[in-house]
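Chains F and L supply the protein sequences, listed in that same order.
Note that the working numbering numbers the first sequence so that position 418 is 418, with each residue one more than the last.
Note that the working numbering numbers the second sequence so that position 64 is 64, with each residue one more than the last.
Just so you know, these hints were derived from the structure itself, not from any lab.
Treat the hints with caution; some may be incorrect.
To be verified - Straight-line distance between alpha carbons at most 25 Å, and here's what the computed DSS-like set of lysine-lysine pairs gives: (1) F/405 <-> L/15; (2) L/83 <-> L/15; (3) L/48 <-> L/69; (4) L/69 <-> F/271; (5) F/77 <-> F/124; (6) F/18 <-> F/314; (7) F/123 <-> F/77; (8) L/15 <-> F/11; (9) L/15 <-> L/48; (10) F/177 <-> F/200; (11) L/83 <-> F/405.
What the hints assert, rightly or not - Some but not every residue of chain L turned toward chain F, in silico, with C-beta under 10 Å: (12) 53; (13) 65; (14) 85.
Heads up, the beta-carbon is just placed ideally off N, CA and C, and yes, glycines get one too.
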Amino acid sequence: MTTTLENPTAKIPPSTHKYADIIHRLEAGGSMLPDTEENLMQIIGIYKAYAVPMDFYWRDLLYIAERVFLDPLPFFKYFLPQEYLDLPNHYAGATADFRVWQKGEASAHPELLEFMDRGELKKKLPKLFHHLWHDRINMEFAEACMQAMLWHQGMGGQFYDYLESEEYLANCDRAIKAYFKGNPLMLGLYKLFPEMFYEKVRELSYYANLGLFWEVMAPVFFEMSDLYDEGKFKSVPDAMDFLVNGIFIAAGRPIYHHVYIGDECYEIIPKSKGFMWLYEAALPYVEAVFYRTAPFRGTKSYNAQAHQVPDEQKDFHYGILYADVFPVGTAGIPPTLLMQDMLHFLPPYLLEYYQNYCRGEDDMLIQLGITFQRSMYNVTSAVIQALRTALLYPLDDPNPEHLLKNRQFFEAQMDRFLRPEARLTDIQSQDYR
Amino acid sequence: MPNIVEIAVSNDAFKTLVTAVTVAGLGDALQQPGPFTVFAPNDDAFAKLLPGTVDTLVQNIPQLQRILKYHVVAGRYTTAELKEMDTVTSLEGSPIPIRCGDVFEVKNATVLAPDIEATNGIIHVIDTVILMG
Chain F
1 MTTTLENPTA KIPPSTHKYA DIIHRLEAGG SMLPDTEENL MQIIGIYKAY
51 AVPMDFYWRD LLYIAERVFL DPLPFFKYFL PQEYLDLPNH YAGATADFRV
101 WQKGEASAHP ELLEFMDRGE LKKKLPKLFH HLWHDRINME FAEACMQAML
151 WHQGMGGQFY DYLESEEYLA NCDRAIKAYF KGNPLMLGLY KLFPEMFYEK
201 VRELSYYANL GLFWEVMAPV FFEMSDLYDE GKFKSVPDAM DFLVNGIFIA
251 AGRPIYHHVY IGDECYEIIP KSKGFMWLYE AALPYVEAVF YRTAPFRGTK
301 SYNAQAHQVP DEQKDFHYGI LYADVFPVGT AGIPPTLLMQ DMLHFLPPYL
351 LEYYQNYCRG EDDMLIQLGI TFQRSMYNVT SAVIQALRTA LLYPLDDPNP
401 EHLLKNRQFF EAQMDRFLRP EARLTDIQSQ DYR
Chain L
1 MPNIVEIAVS NDAFKTLVTA VTVAGLGDAL QQPGPFTVFA PNDDAFAKLL
51 PGTVDTLVQN IPQLQRILKY HVVAGRYTTA ELKEMDTVTS LEGSPIPIRC
101 GDVFEVKNAT VLAPDIEATN GIIHVIDTVI LMG
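If we strip away everything but chain L, and leave its shape as in the complex, we get (with noise of 0.2 Å):
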């Protein structure tokens, strides 16, 4: 079974979330045992973002690599277990609020294509980049 990198390069509908990754140093870091939850957004999604948002956190790789953080959690955590939770504490610090019942939302994001399984965690694709607040 590949890993969540590997999963999201071989995956063309991550081309900028593994773009950013990248840039932002963390290809190694998801690479890691972990487990990881990685709330993933597709290239549609970045896609919404205003323009110059990208621009200016490609320049400034810390806050770059903050943003991405925010769609990380700690721990492999499927639908099923989701569904007991109403937050997740993602590594940025911030709480990620986590709607799951008839519909699925990270925040204001709808998630995609829920549950891919990776060595080292667990990826769900989502429709929006979330951002902390």
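Just chain F, with the same shape it has in the complex (with noise of 0.2 Å):
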């Protein structure tokens, strides 16, 4: 846990970073989103309003790997069955292996039900005119979180690796014989197109994963927003620690991917593998979706002669920590379509406090988005306090050569930061909207 000390580095010299002043807080226990009032409204309602569209994507994500698999024409991927809005959700309910939303239950969130009712309408109308008409859940952004970690793949943990794997072929072979038994055509271009088949369901194995760390997330923001109101966090770094706390709990759940076909459940990842959610999801995850991800159509030229897009995959810079808002979110692109699914779940104080900034309720997706990203710069400050809690030293160690360790490790973290894309010298203003 991090808890805010007074002067813990007193016993190293001041940081000479172009950050300093943020690692010093960061040194102190504090989080790179300053500790405002008004930061700390922003960031939980967003939580909550984040949590609500994130209760869908999980139950999805696992319904579309678990299910829909290799479905050639999934057109209904997106209308959930009642089987997995009742998924029991592990840390919500009285039936949670570890309860993280004490109020909540384990099924789907009662707004999530309503709004997929009736939707932005407000009118109960069948379910495919709601989808047709796109006034639903927009689970495009989920997909493209996905394939973010797809594609950058290589992100630490051993999850990349044993896609590779014989052993995971293997299991990938038996699960696609079973799914297209009596199905000639398809069992014949597997024949002819192996590994066309294998890439689709690594594919797969990542909605799987994607899913199996949105499901810790939803509960862990839902917590937040009902701990907020019942005035139980004082200060952004209350809420960075109560993250930090989820991260630990979750650290060592399993991450797998398991097929139901017909009666049968075929582990094309299996629990046994001991991969986990901190290594082979979550970190992974804030990598490729808040550092990485990738230049959105419209937004930059793919010529390479333009050198507009890095050489280096690690070099990529489009997650939220660097997105310009404005022009992102105008282009009809994923963190769009998350931020119309937020506008949806806004608790009141919020939607109150964007009618009285900027263009109020007309540029109100501009202004949540810029909240979301000041709340994202609090989820990363919680991974960065729980990654220095697990590999180095507590803040108030007393061996200075201790604290020099935490301290190369927060510059090498703002390191990140350097590039002008940045947003982090924009979120230390309550001015950016």
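With the hints as a guide, bring both chains together as one complex.
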């Protein structure tokens, strides 16, 4: 846990890094996001608004990975069956492995169910009509995050290596043959182009990976919202500490990919591989989605001669921590889809807040996008503090050498925000909206 | 001379470690001839972990095994031998950085009691549960 400390690093000289103030704040147990009441209100409000669609995302990601599987025409993959709306969350409700969300039920959130029923139109119409009118949860955003993880791969953990192993291919083979049993056309295609099928299953394994990751985050965010409403969060570091604790609670949860064909379960990635939420899902997710992703169509030239896209994948910097929310938010692309999803579930205090700034309701998507950016800097701070807790030393360690190691770690993390696109400086000011 | 497991069981400072190894079903493996080098976190080290961490691991045996295997290295490495090395590779597969000079540190853990000899290896007692990454 990170507790705010008075002057923990008096034993070492001040940092000379460009972001020295922020580094000193992290060393005192703080967040990259300044500790103000306004920031706390904004980030908690947006966590709640994020958690409701996330409750759909994780359920549908698992549904697609486990049941839709290799359906060549998956027209109805966004139509969650009741079984997956009822699927008990492992971190909420009475049946939880570890109850993070104290008051919540394990099944789908009531606000989500109401929205799925009546949509933005506020009318009860056939599900297909809501879908075709695009009056629904924008599952395409979740798929874009999954694709970022699939495309970048190799970001730590053992997941990526396993997807290339003989054992994985043998597991895929069993499931593919069972799924297309009695379908000579698809079995023939499999025989001709096996790699294409394996690659599709790899993608589905990332669906499962991300679904299991978000299954944890949704109840964490719901609980944070409840605690804030009860007056139990007093500061931004309180919120960050809660996230750090959440990360450690879930760190050892298994990451796996099971497929259900008929009555049988095919273990594409068995739990016995020992893959863990922290190493194989959370850290790769943060790297792929918060930092890297890929430039959205229409925002950068993919022409190699234009040099607008880095040569190295590690240099990609198109995640929320670098996003210029205004042009990104107007291009009709994944972050906009998320912002629109969050707009439906904003708590009243945040709705009222946005009415008072900029162009009120007219640019609410942009305002909440920037709030989301602030909130993700806080989540990233929690990840940085969690890594420091796990791999380095306590903030009040009496050994100056250990404090210097912590300093080097924090400085290395801040180096990632030296590039001009980073929004770390912007979020230090409340006027950035 | 007792083996690694017998030493741990007979010492009151390793109650959590012994429980974890038993739950993970690694007791038999650590009684094999080996030899092994074990970086053994004491009870205080486990107590430093944040609440919920151990609960989740105990519910998920393969994941618990993975964390425990990160504390074990194939071969018998004494302090004198570790002085010559920057890292050793754990049974989990990830490297463990070693700093063995004025201080003896294993990743972010400090060695409290080095070179406890066993029939099938050697134990170095550490003050922090070490994690991959």
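Structure-based check of all given hints:
Note on residue 405 of chain F and residue 15 of chain L: the hinted pairing is violated, with a Cα-Cα distance of about 31 Å set against a maximum of 25 Å. Among the hinted pairs, residue 83 of chain L with residue 15 of chain L is inconsistent with the structure: their alpha-carbon atoms are about 29 Å apart, more than 25 Å. Annotation: proposed proximity of residue 48 of chain L to residue 69 of chain L holds, straight-line Cα distance about 19 Å (limit 25 Å). Between residue 69 of chain L and residue 271 of chain F the alpha-carbon distance is near 17 Å, which keeps this suggested pair within the 25 Å criterion.
Among the hinted pairs, residue 77 of chain F with residue 124 of chain F is consistent with the structure: their alpha-carbon atoms are about 21 Å apart, no more than 25 Å. Simply put, residue 18 of chain F and residue 314 of chain F have alpha-carbon atoms about 22 Å apart, close enough for the 25 Å limit, and the pair holds. About 23 Å separates the Cα atoms of residue 123 of chain F and residue 77 of chain F, which keeps this hinted pair within 25 Å; it holds. Straight-line distance between C-alpha atoms of residue 15 of chain L and residue 11 of chain F comes to about 36 Å, which puts the hinted pair past the 25 Å bound.
Using a Cα cut-off of 25 Å, the hinted pair residue 15 of chain L and residue 48 of chain L holds, with the two alpha carbons roughly 15 Å apart. This hinted pair checks out: residue 177 of chain F and residue 200 of chain F have alpha carbons roughly 14 Å apart, not beyond 25 Å. A threshold of 25 Å between alpha carbons decides the hint, and for residue 83 of chain L with residue 405 of chain F the separation of about 20 Å falls inside it, so the pair holds. Because the closest C-beta pair between residue 53 of chain L and chain F is about 5 Å apart, less than 10 Å, the hint holds.
Taking 10 Å as the C-beta contact cut-off toward chain F, the hint placing residue 65 of chain L at the interface holds, the least distance being around 6 Å. Residue-level restraint check for residue 85 of chain L is violated (minimum Cβ-Cβ distance to chain F is 19 Å; threshold 10 Å).
The structure fails hints 1, 2, 8, 14 (numbered hints given earlier, in ascending order).
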